[in-house]
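Given chain A, work out where chain B should sit, using these hints.
Single-letter residue listing:
2 protein chains.
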Amino acid sequence: MKAEIIAVGTELLLGQIVDTNSAYIAQQLTTVGLDLHFKSNVGDNLERIKSTLEMALRRSDFLITTGGIGPTLDDLTREAVAEVLNKPLVFQPHLFEQISAFFKSLGRAVSDNNRKQAYIPDGAMPIENPVGTAPGFIAEKDGKAIISIPGVPHEMRYFMDHSVLPYLRRKLGIRR
Amino acid sequence: MKAEIIAVGTELLLGQIVDTNSAYIAQQLTTVGLDLHFKSNVGDNLERIKSTLEMALRRSDFLITTGGIGPTLDDLTREAVAEVLNKPLVFQPHLFEQISAFFKSLGRAVSDNNRKQAYIPDGAMPIENPVGTAPGFIAEKDGKAIISIPGVPHEMRYFMDHSVLPYLRRKLGIRR
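Chains A and B, in that order, are what the protein sequence lines are. The first sequence begins at 1 in this note's numbering and counts up by one. The second sequence begins at 177 in this note's numbering and counts up by one.
Fair warning: there could be bad hints in the mix.
Under the rule of at most 27 Å between Cα atoms (straight-line distance), these lysine-lysine pairs were calculated in the DSS-like manner [what the hints assert, rightly or not]:
(1) B:Lys178 <-> B:Lys317
(2) A:Lys144 <-> A:Lys87
(3) A:Lys50 <-> B:Lys178
(4) B:Lys178 <-> B:Lys280
(5) A:Lys2 <-> A:Lys144
(6) A:Lys2 <-> B:Lys280
(7) A:Lys50 <-> B:Lys320
(8) B:Lys280 <-> B:Lys317
(9) A:Lys50 <-> B:Lys226
(10) A:Lys144 <-> B:Lys226
(11) A:Lys50 <-> A:Lys171
(12) A:Lys141 <-> A:Lys2
(13) B:Lys347 <-> B:Lys263
(14) B:Lys280 <-> B:Lys226
(15) A:Lys2 <-> A:Lys50
Not the full set, but computed from the structure, chain A residues with beta-carbon under 10 Å of chain B [unchecked claim]:
(16) Gly15
(17) Ala26
(18) Lys39
(19) Gly43
Since the hints were made in silico from the structure, they are not lab data. None of these values were measured; they are calculated from a predicted model. C-beta: ideal position from N, C-alpha, C; glycine also.
The shape of chain A in the complex, shown without the other chains (with noise of 0.2 Å):
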């Protein structure tokens, strides 16, 4: 089974920061035999993000996307993937309350922006990060996935050990 890696973020596709997430996330997909053929940098923009999922989804498994879920307005990752797998996106409240309960714990209060982020592809399986405030998903169609996960690297690490891995072994009949 292949799989594809998308980076998600202009900050990083300037240079501005150096892609280690996508190092990482690679090395972690060879611990459970996925063939990784080619990884991707794409900036914030709709069309573009799309384009590069549409590609990936020809050519390989599962993606992992990393990075463009946050609150603001050039995070556009759920967008994407909601229109390339023609599904609306659908407000999830127990992930709301999660990010209300995480800003709590900060001392602050939810913003409406963060309200975005509890929305997830329908028929995702939601993902929550109890390290930060970004939810990912899963989400299956025809035996592929799509797998997105925040940018934030030490949230990234999380997901994968914690979430995308165990989930990689269960469909790939993997025993630890």
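Frame of chain A; chain B shown alone:
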């Protein structure tokens, strides 16, 4: 005008090396006003390098490839560029002389493998490499260009500063 970076090498893809080259190249491309919309990593596989180049040629004007022009059998960038442009690879005696001189300066004999590095796509402009063995090249087609430079970071930086940026400034009509 749009530029696109393609980093070639399985070691990058698998996360054994973090791709710092792409960040440096991206920063430099913004100094000449090029728009960068995508970056890709592809492994040492001829068909996949070719498909990545073909896709990039459809959506961008300048392609910068880094890596895959060394002396070993899995260095396939020059073959991929030649096939995508439908040009034969042509032996350049003066490039081979420079490669030989570089080895001589190190007190070593040039190997048959290094002979391969003196081949570039027919019609391409060679870029000499005074800081290593792999010459680069610029292959133009239909107003677009594929610029292939080494993946060794200090050689990549030398090529960017001394050849690629001056070439791009000329093409873009930037005086300085």
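| Proposed proximity, B:Lys226 with A:Lys50 (alpha carbon, max 27 Å) | holds (22 Å)
| task | Would you check the hint for B:Lys280 and B:Lys226, treating anything up to 27 Å between C-alpha atoms as holding? | result | violated (34 Å)
| said: Just to be careful: measuring from the Cβ of A:Gly43 to every Cβ in chain B, is the smallest value less than 10 Å? | reply: It holds, given that the least Cβ distance between A:Gly43 and chain B is near 6 Å, below 10 Å.
| Between A:Lys2 and B:Lys280, is the straight-line Cα distance small enough, at 27 Å or below? | violated (44 Å)
| message | Next item in the hint list is A:Ala26. Is there a CB on chain B closer than 10 Å to its CB? | response | Nearest chain B Cβ about 3 Å off; hint holds.
| request: Below or equal to 27 Å on CA atoms is what counts here, so check A:Lys2 against A:Lys144. | output: Holds - the C-alpha atoms of A:Lys144 and A:Lys2 are around 10 Å apart, at most 27 Å.
| request: Compare the distance between the alpha carbons of A:Lys141 and A:Lys2 with 27 Å, and conclude whether the hinted pair is satisfied. | output: holds (15 Å)
| Is the hinted pair A:Lys144 and A:Lys87 satisfied, with a Cα-Cα distance of at most 27 Å? | It holds: about 15 Å lies between the C-alpha atoms, which stays within 27 Å.
| message | Checking one constraint from the list: CA of B:Lys280 to CA of B:Lys317, max 27 Å. Satisfied? | response | With Cα atoms ~36 Å apart, B:Lys280 and B:Lys317 exceed 27 Å; violated.
| task | Sort out whether B:Lys317 lies within 27 Å of B:Lys178, counting only the CA atoms. | result | holds (15 Å)
| 27 Å limit on alpha-carbon distance, applied to hinted pair A:Lys50 and B:Lys320 | holds (25 Å)
| message | Would the hint linking A:Lys2 and A:Lys50 be met if the CA-CA limit is 27 Å? | response | holds (19 Å)
Violated hints, in rising order: 4, 6, 8 and 14; the structure is consistent with all others.
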